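Chain A is already provided as a structure; the job is to place chain B with the ligands on it using the hints.
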Amino acid sequence: MAGKRHFDVRRQPGFAFVAMFSFFALYLPMALLVVYAFNAGDSLALWEGFSFRWFVSAWQNDTVQDATLRSVIIAVCAAVLATSAATMAALATTRTRPYRGQTFTYALINQPLMIPEIVTAVALLIVFSRIKVWTDYSGLGYLIAAHTAFCVPFAYLPIRARLESMDLSLEVAAADLYATPWKAFRYITLPLLRPGIIAGFMLAFVISLDDVVITEFVKSGGQDTLPTYMLGQLRRVVTPEINAIATVFLAFSVVIVTAFFLMTRKKT
Amino acid sequence: MAFPDRFDGLPAAPRCEGVYKVTGDTRGNNVAIDVLGVTKVFGAADSGFRALDKVSASIRQNEFFTLLGPSGCGKTTLLRLIAGFEFPTEGRILLDGEDIAALPPFRRPVNTVFQSYALFPHLTVAKNISFGLEMLGWPATKIASTVERMLALVKMEPMADRLTDQISGGQQQRVALARALAPNPRVLLLDEPLSALDFKLRKEMQIELKRLQGETGITFVFVTHDQEEALTMSDRIAVMSAGRILQVGSPREIYDRPTERFVADFIGETNFLEGEAKVAGDRLLEVRLDAGATVKATAPDAALHAGRTTVAVRPEHADLVPGDGPADLTGVLKNIVYFGTDTHFHMTLDNGVPFIVRQQNTPGEGSGFSIGEQVGVRLHADAAQALKD
Ligand SMILES: Nc1ncnc2c1ncn2[C@@H]1O[C@H](COP(=O)(O)OP(=O)(O)OP(=O)(O)O)[C@@H](O)[C@H]1O
Ligand SMILES: [Mg+2]
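For the record, the sequence lines run as chains A and B. Our numbering puts the last residue of the first sequence at 252; the count rises by one with no breaks. Our numbering puts the last residue of the second sequence at 530; the count rises by one with no breaks.
Check each hint, because a few of them may be wrong.
Below, a list of computed lysine-lysine pairs in the DSSO-like style, where the Cα atoms sit at most 27 Å apart [unchecked claim]:
1. B/LYS296 / B/LYS283
2. B/LYS268 / A/LYS167
3. A/LYS167 / B/LYS283
4. B/LYS475 / B/LYS419
5. B/LYS344 / B/LYS296
Simulated from the structure, these hints should not be mistaken for laboratory data. Predicted, not measured: the structure shown is a model, and the values here were computed from it.
For reference, chain A alone in the conformation it holds in the complex (with noise of 0.2 Å):
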């Protein structure tokens, strides 16, 4: 496709060797931590033999299973809410007629993804500290409301980015074939919107299971999620029940993003 004379980042002196670096970097890490989740022996640096032991350790950890819980359940919440909203907000900001203000409903809705996260944390902590003091309520709403708020930018860009993408003439024509308003929505515009809202979903999903910084300040005590339980460990000896975590975490990390990449892929 590219002619010889067009600029080229490829052929440039040293690319592959910054390219190779690079992965390096980022993989080589990940992969001994992998490895060492196998480690028969107690340490991060001396391979003792292959053994599934700190795979058994962690599953029997009631710690850790009751981390494992409350995550789960504070990202299906935190998701379920998310998406719920994001699809509003990404209807009301494309099946309009342009309005004053539109880029700045936009701006408003994705600003969280430029917020630094602490700064919402800090400013989380402060306004529910009054509550808890105020409602001397301490359960996981808190968590699920602080999630919740963080994830509705990433559940509403492939929402909406499918909205935009969605031929409008096919609304018209189910309300030309004497669709209500509410079913030409019901039967047209949500089974097509649906690719878009399971992708926002899962994208929520897995930015809240994430999550450590906010958490961390927002959390009452004994609200570890597997995040901050794990960060929590590194402060302590550590073994490669970590590790196993952490793969177990990955695996499913990497499950999840195939079935993102499939599904927005699948039919545009």
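Just chain B with the ligands now, kept in the frame of chain A:
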């Protein structure tokens, strides 16, 4: 809902005139759609774009009515107003004598075949066709039998379970047609439905459409900017330009008796001749042409006045004769273009105006005329048509 009973008859069931409230036009024909002084302005009412300007038309029941005009003249806008996707800025639209302004599109017994087809990509061919019926809440058995009949009508039975992106463009077009016909609408709107098809398929579909219209007895409002398509298919044609309807009439009337220069020019080839007119009777002018002869010209009311006027003469409504014989007009032959079935003779009249004569070809010999020769033209009786200015 104003029209529920009409969805209940089986699609091809004969229509019982007594059931519907019908209105007649001045000739006693039943009118399906009355467009009364409709203006559509996009944008601000005073400064916006005037897509339709006081358009009026009566579309009769069971008629194949065609809107013909150049790109951007407002054909699609008029269809969208009838379907209810847009609302008139001024004027009213009546369906069977009832004002439908208050009805949203999903309450109008009017269906559209969209130019882009707009088939639902997540539904099969059969489900696309049944969509409207399901929305109307027809019983399942009736939906099934209707879909069956529609599939047969457009010869798509073998593809009933395909998704719509797994069939060809011509097949998609037929599905779009079946989908719009299935609910047995009072009026079917077709927005350039054949423009995406290749020549051969288009010819087939033209015949198909005509057959369907005859079989179903549904009023068709058909949009095209292909004049030949309009002439061959329509019962009546409305020629549009810049948001106005210039003339409504049968294909013959539109072709033989254009009332305006734009209509004469847009449909087929025409010679325009200027002259001095005086009124010579009912709808008749006597025009002394600048090019020489004095002819009788049929005139629409708007052109029936003395003074300067323009007459149109179709190239095939004149004969080329040798220059030394008797003739209405004389000039020099400039070019001869052979078309297979006929030959076009381009000449320049003595007063410098171009004129074309079209002559049917006969087997064997050539035309007998040669370029540069002095020739004459004899106009057929009734050939001249005065145009309003
Ligand atoms: N929503 C709109 N806003 C502003 N102008 C519009 C809108 N829809 C149509 N127009 C204008 O109105 C005019 C008529 O448009 P319309 O689509 O009816 O043309 P058309 O006769 O169907 O042309 P074509 O043969 O190209 O389809 C055009 O000049 C178009 O630009
Ligand atoms: Mg159009």
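Requested in this report: Could you tell me which of the numbered hints above are not met by this structure, giving the numbers in increasing order?
Outcome: Per hint list: single violation, 4.
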